Amino acid sequence: MNLVLAPDRRRTKAEEALEAAFRRIDAELPDLDRETAFARFAAQGLPHRRVEAYHFTDLRSMLASAPEPAPRPTLDAARAALGADVFAALNPARAVFVDGWFVAELSDLTGLGDGVTVSTLAAAMAVGGTVAGLGARVAPGTAAETDPLVSLVCAFFSDGLALRVADGAKMARPLEIRHVSTGVSASAFVRHLVEVGEGASASVLESHESPEGSIVHAHTLVEMTVAAKAKLTWVDRQRESHDGARFSTLAVSIGDHAALDHTVATLGAKIARTQVFATLGAHADLQTRGATLAKGRTHADATLVVEHVGPGATSRELYKSAVDDEATSVFQGRITVQPAAQQTDGRMGAHAVLLSDRAEAKAKPELEIFADDVACAHGATVAEIDETLKFYLMSRGIPADETERLLIHAFLGEVTDAIADEGVRSVIEGEIDGWIDGRGNRP
Amino acid sequence: MAAVKETVDQVRAIDVDQYKYGFETDIESERARKGLGEDVIRFISAKKNEPEWMLEWRLDAYKRWLTMEEPTWARVHYPQIDFQDIYYYAAPKSTPGPKSLDEVDPELLKTYEKLGIPLREQAVLAGVEGAKVAVDAVFDSVSVVTTFREELSKHGIIFCSISEAMREHPDLVKKYLGSVVPVTDNYYATLNSAVFSDGSFVYIPEGVRCPMELSTYFRINEKKTGQFERTLIIAEKGSYVSYLEGCTAPQRDENQLHAAVVELVAMEDAEIKYSTVQNWYPGDKDGKGGIYNFVTKRGDCRGDRSKISWTQVETGSAITWKYPSCILRGDDSKGEFYSIAVSNGRQQVDSGTKMIHLGKRTSSRIISKGISAGHSQNTYRGQVKVNRKADGARSFTNCDSLLIGHDCGAHTVPYLESGNPRAKVEHEATTSKISDDQLFYCISRGLDPEEAVALIVNGFVRDVLQQLPMEFAVEAQKLIGVSLEGSVG
Amino acid sequence: MLEIKNLHAEIENEGREILRGLDLQVKPGEVHAIMGPNGAGKSTLSHVLAGKPGYRVTEGAALLDGVDILDMDPALRAANGVFLAFQYPVEIPGVANMTFLKAALNAQRKARGEEEISTPDFMRLVRTEAGKLKITQDMLKRPVNVGFSGGEKKRNEILQMAILQPKLCILDETDSGLDIDALKVVSEGVNALRAPNRSFIVITHYQRLLDHIRPDVVHVLSKGRIVKTGGPELALELEAKGYADYASEEAA
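Residue numbers (my numbering), protein chains in the order written: chain A, 1 to 443; chain B, 1001 to 1489; chain C, 2001 to 2252.
A couple of the hints might just be wrong.
[Said to hold, decoys possible] Only part of the chain C face toward chain A is listed, based on derived beta-carbon distances under 10 Å: (1) H2047; (2) G2051; (3) F2086; (4) V2090; (5) G2094; (6) K2110; (7) G2113; (8) R2225; (9) I2226; (10) V2227; (11) G2230.
[Claimed, not checked] Calculated lysine-lysine pairs in the DSSO-like style (CA-CA distance at most 30 Å, straight line): (12) A:K231 / A:K170; (13) C:K2241 / B:K1360; (14) C:K2052 / B:K1424; (15) C:K2241 / B:K1389.
What the hints contain is simulated information worked out from the structure, not anything from laboratory work.
Quick caveat, the model's predicted, so the values are computed rather than measured.
Yeah, the Cβ is synthetic: ideal placement off N, Cα and C, and Gly gets one too.
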């Protein structure tokens, strides 16, 4: 095959590397319509600032390279890569991915309860089987379908989970999906499928980490279907190497009267982009919140596209970022209300606090409304920590650095306080406090 | 309530298809050949007796324009514009360079009378003593009459057409033209730089507070003529000027292109207030005809403590593509943008502002009220950017949208970028409909549904109307009522 | 206790001088009232003593037990015993009142080289003091001052004072926005804290607060300087005659 990368211009090094890598893996990995996916990516190449959805995150200029997709690690290497588990206290079932490959020996998928099945994509693909719902097209008709990061995962994914919760089933304990890295310079592509049946409930803890110093480009795509009246709680904690890249996409369809409660905390990566594409049915409920902590010379982007399709749905989006050193935070959020989605209640908040002279924050909160009987609002702020608050705390004897600590914690508290599960909340708060304490230690 | 009553009367009196200003003035005009080329630009320049440097400037812009692409990022959709199917110059032939009102074609005066809007301006045109508004009327492309020149010149104020300024004050024009909106700023601005026909020029000397409001009326009359006016306002140190711009165009089936450029320069402690009421023909209820309005308006707060304030009431045009902006360069300078954008029928509005904070303690304030009805699409698009050096900058945006009916859209696309921790940028936006409770409350007090809507809408836009000079505000309120005609069903 | 010598201060961004050579001496255990017309510089004095950003001291000194506090950051002044009860206490979303009190108390102890207070001791201390000021458990759990009424905010200020046990308490228009019942509770709280080694500067526009907190000395501040000093009778005289004799040129 001979793919053409946007013919009218020179390819970047990263694009050349991706094309070469695709030629190689395309022969090795089961087909699954990867060529369609890669062709879709190749037609546009890496997105740049004139592509509106990537206006603030110009991957064409930011990605100097695209490391080779990682091979399956040895068990010893995988075991060595596994550090402490931040969610251990919650006693979750565990699926471990190392460099993008599932490692059964390190995983424990027991005790999830009746009606909950977990299998791996690699296993299904190895026996030539097909996995229902797995194609080159993701969330047809939505912005996710043509997203270049989504296309890359569809072209390159090595493995992933298929989690199915049967109608009416309740997960007996949370499932943790851990993604770690052996610390080489490599790319990892993982694609998960999650289906929560009608009236069922499930809770998933997603965790990403890579050792400092490693140049890991970690891509994850999660496709979720939350059927009518089902409930899914999803927590995503990201702590990648400050030299690496993290690209996460969540494409979710929330059925009638169904609910998704989603939290993401981003505390690392030189370049991070977390995308949520959500489609809401009638009376669906979406709560999504994010805490972004960026330091050094890093760039962290949170992008949301929320489509209200059915009437009477509610969405709440709250994203906060603390930006230190020479870092940049980006928030892009769009609430779209389709003509049929009357009585939509949508509210979005994006707030950034700049902690240093060279920190930057960019925000683009959008409303796109085609129905008249709606109540939608958004608010965005960028500022430093309030001087009046600082003075008040200091006038009570709390030293300047401690004052700042307290106020950053309080600023992000609005995000963490909304996490219903106390155990999860204290893990995320712990991560945030760790980051605040580590300020000044240059990555 | 009186104003509301008037609005309602207007609504009753005028059908959406009977565009109030849809009449033609029959004046023999002198046009350039149809289409665009170096010859047309030379023709325009020669017609206007322009100096050689101006012709060069135009030709340079034209060459650059040929290499540019039409922007597509705005949320507006229209068939490809055939730039060769437009007349780029049309001048009323009657009296070359009228010196006084007596020399003005009576047909023209009738036109102004029919416009009905400029209450005080009509008085001015009728020669009534004491009416304190100076008018520079741009009829199609040429400035026809400038009043109150003498009184203004006593204060050292220059208020004339830009073609005249080019001849009489070439140093000022040379120094400032294109200094705020560079020749290659964007596709339409570049086109304007090549073919602009006329417009207003204002110069307020140091320390002078302009004793009256200055006003320009733009009107597009000829078939298939684009209007490319160019306005340049310079306020020297410590001066003040309030400038009013009103625009109408007769009803026509073809879409008419309008691509204006307005440049404002405010030096130290100077203040410029620029108000626009735009009610160009919006097309009929099926979206046939109407003006394509692609405008570049930008103010440069060049001096410390300078202030530029844009107020706009946009009810007309089939397509509005317009972002009056401020470059806040001077320390402690201020930029303001107050906007009401009403869309009905098949109108498409993509409008907003840019506030670029460069100086220390600069502040900006954006209040935008969008009202969509019928099958229209109404987008607010705004950018607030705080430069790394803009210590203590403050920016506040409030952006509210109101939907009337099931088939329209209201969209908000703000871009916020801050690179200074000592700056504070705030943005808030809401979208809602007129609540049934509010409607019921009004109706239960005896108002009919249209009166009730007019009342509520007037309340919704009040913050912005207050920014307009009195007569303009009354006029704007009427226009909003007219524009929303037929939206309640 | 406190000795202010020839204090000159201006607003940083405007360069406008507010305090113009202010002198004041407060001995241990004394309560001094500072009264004066609007714009005299009363709040500026309290802000400058507590170290609020936005002011520039151009001349003079403020010695607390012989040490100039003007070069210290606000936290260090607090650790040295300065406490400002704010006219408009600040709301801090996300920081629980209790957490805040404990952080402040321990920070001050640490700065003075003392042991941190144990949690049970702290809880006991807060419960006792909160009870006296009619501060509920709920108010202690809520974020600092968020959703508090005007009276609750002022009571919360006095609670902080009671727990932090400062040497020099500055009350900035504490009576503003209080009804008579709240005024009584707050005044009783302040009176309970009067001690031989603790001094108070009570800044107020009206005499009414001084019915409840009896001052030892009353000063009139006008145009940035103390222009008259007397006993409690001076406050009554001002109440009767008004500030007409001391009208400030900065009156706003």
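Evaluation of the provided hints:
1. H2047: Check passed: Cβ of C:H2047 comes within 9 Å of chain A, closer than 10 Å.
2. G2051: Hint holds; C:G2051 Cβ to chain A Cβ min 7 Å, cut 10 Å.
3. F2086: Hint holds; C:F2086 Cβ to chain A Cβ min 7 Å, cut 10 Å.
4. V2090: Holds. Min distance 4 Å.
5. G2094: holds, 3 Å
6. K2110: holds, 9 Å
7. G2113: With a closest approach of 14 Å, the C:G2113 hint is violated.
8. R2225: violated, 25 Å
9. I2226: violated, 24 Å
10. V2227: violated, 28 Å
11. G2230: Violated, because the Cβ-Cβ distance from C:G2230 to chain A comes to roughly 30 Å (cut-off 10 Å).
12. A:K231 / A:K170: OK: A:K231 and A:K170 at ~9 Å, within 30 Å.
13. C:K2241 / B:K1360: Violated, at about 46 Å.
14. C:K2052 / B:K1424: holds, 20 Å
15. C:K2241 / B:K1389: violated, 52 Å
The structure is inconsistent with the numbered hints 7, 8, 9, 10, 11, 13, 15, although it conforms to all the rest.
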